[in-house]
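Asker: Residues per chain are reported as follows:
Number of protein chains: 2
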Amino acid sequence: MLIDGRTEVIAHLGWPTHAFKAPMIYNPYFESAGINAVVVPMGCKPENFAALLKSLFTAENVRGALVTMPHKVSVVGLMDKVSPAVKVAGSCNAVRRDGDGRLVGDMFDGEGFVRGLSRKGFRVQGARALVIGCGGVGSAIAASLAQAGVGELALHDTQERSAESLAQRLKMTYPATSVVPGSTDPAGFSLVVNATPLGMNPGDPLPLDVNRLDPDAFVGEVVMKSELTPLLAAARQRGCAVQVGADMLFEMIPAYLEFFGLPGTTAEHLRSVARLQY
Amino acid sequence: MLIDGRTEVIAHLGWPTHAFKAPMIYNPYFESAGINAVVVPMGCKPENFAALLKSLFTAENVRGALVTMPHKVSVVGLMDKVSPAVKVAGSCNAVRRDGDGRLVGDMFDGEGFVRGLSRKGFRVQGARALVIGCGGVGSAIAASLAQAGVGELALHDTQERSAESLAQRLKMTYPATSVVPGSTDPAGFSLVVNATPLGMNPGDPLPLDVNRLDPDAFVGEVVMKSELTPLLAAARQRGCAVQVGADMLFEMIPAYLEFFGLPGTTAEHLRSVARLQY
Chain V
-16 MLIDGRTEVI
-6 AHLGWPTHAF
4 KAPMIYNPYF
14 ESAGINAVVV
24 PMGCKPENFA
34 ALLKSLFTAE
44 NVRGALVTMP
54 HKVSVVGLMD
64 KVSPAVKVAG
74 SCNAVRRDGD
84 GRLVGDMFDG
94 EGFVRGLSRK
104 GFRVQGARAL
114 VIGCGGVGSA
124 IAASLAQAGV
134 GELALHDTQE
144 RSAESLAQRL
154 KMTYPATSVV
164 PGSTDPAGFS
174 LVVNATPLGM
184 NPGDPLPLDV
194 NRLDPDAFVG
204 EVVMKSELTP
214 LLAAARQRGC
224 AVQVGADMLF
234 EMIPAYLEFF
244 GLPGTTAEHL
254 RSVARLQY
Chain E
-16 MLIDGRTEVI
-6 AHLGWPTHAF
4 KAPMIYNPYF
14 ESAGINAVVV
24 PMGCKPENFA
34 ALLKSLFTAE
44 NVRGALVTMP
54 HKVSVVGLMD
64 KVSPAVKVAG
74 SCNAVRRDGD
84 GRLVGDMFDG
94 EGFVRGLSRK
104 GFRVQGARAL
114 VIGCGGVGSA
124 IAASLAQAGV
134 GELALHDTQE
144 RSAESLAQRL
154 KMTYPATSVV
164 PGSTDPAGFS
174 LVVNATPLGM
184 NPGDPLPLDV
194 NRLDPDAFVG
204 EVVMKSELTP
214 LLAAARQRGC
224 AVQVGADMLF
234 EMIPAYLEFF
244 GLPGTTAEHL
254 RSVARLQY
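From first to last, the protein sequence lines are chains V and E. Start counting the first sequence at -16; every next residue gets the next number (the working numbering). Start counting the second sequence at -16; every next residue gets the next number (the working numbering).
Source of the hints: derived by calculation from the structure; they are not laboratory data. It is possible that part of the hints are untrue.
[Said to hold, decoys possible] Think about it this way: if two alpha-carbon atoms lie no more than 20 Å apart in a straight line, the pair counts; the simulated PhoX-like pairs of lysine-lysine are:
id : chain 1 : residue 1 : chain 2 : residue 2
1  : V       : 37        : E       : 37
2  : E       : 28        : V       : 37
3  : V       : 28        : E       : 37
[Stated by the list, open to error] Label-pair distances were calculated between CB atoms; the ranges are:
id : chain 1 : residue 1 : chain 2 : residue 2 : range
4  : E       : 251       : V       : 211       : 48 to 58 Å
5  : E       : 166       : V       : 80        : 43 to 53 Å
6  : E       : 1         : V       : 246       : 50 to 60 Å
7  : V       : 246       : E       : 198       : 27 to 37 Å
8  : E       : 34        : V       : 1         : 24 to 34 Å
Backbone N, C-alpha and C define an ideal beta-carbon position, used for all residues, glycine too.
If we strip away everything but chain V, and leave its shape as in the complex, we get (with noise of 0.2 Å):
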């Protein structure tokens, strides 16, 4: 990668930035590609955030931001306009310009957990789903399973608010998709996702019952591994279908590469040339 007077940046934003992750997937990718552009890490405290933010946009050449923790839920009252995921999620990770300087938000977390399952053969649309962990990834994936068509929803938070609140924000915007209230009984669910922190760190409990899973049932995981987290194992175990949390971050990039005009590729080829260390 030979960075020169006309790379374009995608500034990564978020604190600390130690485990951050784009960098290592986008930059290989763009040396690949031949893409003049570089995604870099910018470790931003809250108290920084807005000022930054609005400042790396008067920059020519900053072509986008990535958004992370913590300022996902932040940015996106700095937004001029916002995807419909964005308004569900009440969180944005994604942020460009637009032709008038304008800025604009979004959010693909959810669009990758569903690309990985489109992929997997597993079809949402008419499918019962239940969604634990009712927080911005988790809201993100509920909206796209509206969004893809999905049967019923059920959703489930240790904070009964959240799920009460993502019940609500779903309804304005896909008000034909049946929102239930769920549990951490998997039982009767075609796909069960796990958008709950737990699977992070070891002896962590599992985030649902799992010997209520169905057999034929699919189980998603956002916790950002490539390998089976205990969940998976166990619901693999079961002869569940599974899908790793890092095959939802490889599924979004192209969702992500397209929102910032850039030349766009398969997950597959991402994976590839990605340099990541778990």
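Based on the hints, put chain E in the right spot on chain V.
Answerer: Then chain E, alone, in the frame of chain V:
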């Protein structure tokens, strides 16, 4: 070069950015030396500069900034602390944060020029020097010559007030240096410096009367080329030793690296790894 969540950023601020050279020198060096840092161009118009500079320095992993046209003068007013070279030059092209979060500005154009002279065996101490062009880079070279103990310093600029103003600034910081008015006549000077842009474009007139050069004079150039400019070609024909503009560039970078607190190297190594296209 693999950018990851621990990479430190040096923002290269200017406008337009197309002719930037620093990324193609610093970044190959960082890669060759295993330094996890990256120089990133940011095209910034004057009206946005102050806000962008200040915001960038709120980012945890922004280690510094390289500042170039059109911000080299305006940046001085944004600094909490500046070096003597900045005071004399009235311009600044390197910024870092000190331990208290204050912005510190420095300027190593002149230092690079003088380091290059020393490496070529020219002894500045006691020399009679003529500096033609008293803008930012000429002022910086004049300051470094004064710092290095030049015997007499003659200044010339087509804008007479520029030369007078530089003479005054020099007298404040280097009261012992003899500063006198110069002209385009280089006769009697052992060091002659073109610090004007003449030589950048084909057809430019020569900045001085080459027929009056002492054959044992040393002639240095700031026009950033690695080959001989028409001035240097003529000087060499008269028997003069010369220094090309690109030498100043490579010689100053070790000083910048030190300023940013990064591991240093030699101008030769920088030149050997650089990926510049002239």
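Asker: Could you run down the list of hints and mark each one as holding or not?
Answerer: Okay, the hints, checked on the actual structure:
For the given pair, residue 37 of chain V sits about 12 Å from residue 37 of chain E by alpha-carbon distance, which is consistent with the 20 Å threshold. Taken as a hint, the residue 28 of chain E and residue 37 of chain V pair is honoured in the structure, with Cα atoms around 14 Å apart against an allowance of 20 Å. Using a Cα cut-off of 20 Å, the hinted pair residue 28 of chain V and residue 37 of chain E holds, with the two alpha carbons roughly 14 Å apart. For residue 251 of chain E and residue 211 of chain V, the hinted distance range of 48 to 58 Å is satisfied, since their beta carbons lie about 52 Å from each other.
The hint said 43 to 53 Å for the Cβ distance between residue 166 of chain E and residue 80 of chain V, and at roughly 51 Å that hint holds. Distance hint check for residue 1 of chain E and residue 246 of chain V: the Cβ-Cβ separation is about 21 Å, which falls outside the suggested range of 50 to 60 Å. For the pair residue 246 of chain V and residue 198 of chain E, the beta carbons lie near 58 Å from each other, so the given range of 27 to 37 Å is not met. For residue 34 of chain E paired with residue 1 of chain V, a C-beta distance near 27 Å keeps the hint of 24 to 34 Å intact.
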